[in-house]
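Undergrad: Protein sequences appear in the order of chains B and P. For the first sequence, this note's numbering assigns the number 8 to the initial residue and increments by one for each residue that follows. For the second sequence, this note's numbering assigns the number -10 to the initial residue and increments by one for each residue that follows.
Do not rely on the hints blindly, as some may be mistaken.
To be verified - Here are some, though not all, of the chain P residues that point toward chain B, as calculated from beta-carbon distances under 7 Å:
1. 27
2. 47
3. 52
4. 54
5. 92
What the hints assert, rightly or not - Derived EDC-like pairs: lysine to aspartate or glutamate, alpha-carbon spacing no greater than 16 Å straight-line:
6. 175(B) / 43(P)
7. 32(B) / 47(B)
8. -8(P) / 187(B)
9. 175(B) / 96(P)
10. -8(P) / 92(B)
11. 6(P) / 43(B)
12. -8(P) / 182(B)
13. 110(B) / 182(B)
14. 0(P) / 103(B)
15. 51(B) / 103(B)
16. 60(B) / 47(B)
17. 100(B) / 56(B)
No wet-lab data here; the hints were simulated from the structure. Glycine included, every Cβ here is placed at the ideal spot set by N, Cα and C.
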Amino acid sequence: MHLSLCDFLSDITQNSLEAGASLVKVKIRQTLEDIEFCVEDNGKGMREELLKKVTDPFYSDKEKHIKRRVGLGIPFLIQATEVVDGQFSLQSKEGEGTTVTFKFPLNHIDCPPIGDIALTILSLLIYSMQYEVEVTRTYQNKGYVVVRSQLEEVLEDFSSPANLFLLKQYLRSQEAALDDN
Amino acid sequence: MAKMTLQELRKLRDSKKSELDRRDIGSKDSQIIVGMGTCGIAAGAKTVLDAFIEELNARQISNVAVTQSGCMGLCYVEPTVEVISPGMPPVIYGKVDTEVAKRIIRDHILEKKMVSEHVFDRPSVDIIKDGGK
């Protein structure tokens, strides 16, 4: 379904926002061998019975699409990690929030490309609602942190094309610095 | 590319802002909403978002708001983009790619002409806007 690992990240973070989270913490930890994504939110969370159901591709809470018979985000992610002997974990507590973690071995022949991290972070920041996102991105021993409220204070307007262009450049420069020696 | 600091970003942003103020452009007239639901992501909506950012910047257009929504319910023709522009009816475009994005800006936004082959209807409500109920 999704072409790159970043697409899975976009998908999962959307779940957090749809669950009413006001704070989403994203960690992207990359080494030479693997890359791990962790999405932790303070949304409405899930009870034990629901946790078991969400991994079923034929389960949908029918909130988004009333007649829908499939809910594919999490099942597809699980399948993708299984294909490459990666890791997946899902923890949730009703009323408190949910944490999804997934790890992919980069050297596995079937591992999807990582994708465009800068663009993905940008997309994560620009929903037109009140919410906070903290992204901690590391590659080996280097890294950077992106906090939505900080960028909002600097840019003021996340819908202005000029600001979006600048934001993209800002994020690209953070990513590029990870490759510098 | 040297790593940009927040101060540098702020300076760039302020200089752009005063530049635009001098051109006397008022508040936003048009709105472009890129559908970024699961279906949209899988179909490449992020590339479409990027295309709008690049093209609007290349054309130095600033009175267009670019935002995202969740799934608009037209999963079979993703990527979808809703365009609300004065003088035009609100439209949802489907099967949008980089080229169609450029046409939307050139034809729909600038010349007030619909990109007819890509027009679709909207059956669903976006639940991301309400932060999930």
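Undergrad: Could you tell me which of the hints above the structure violates, numbers in ascending order?
TA: 2, 3, 5, 9, 10, 11, 13, 14, 16
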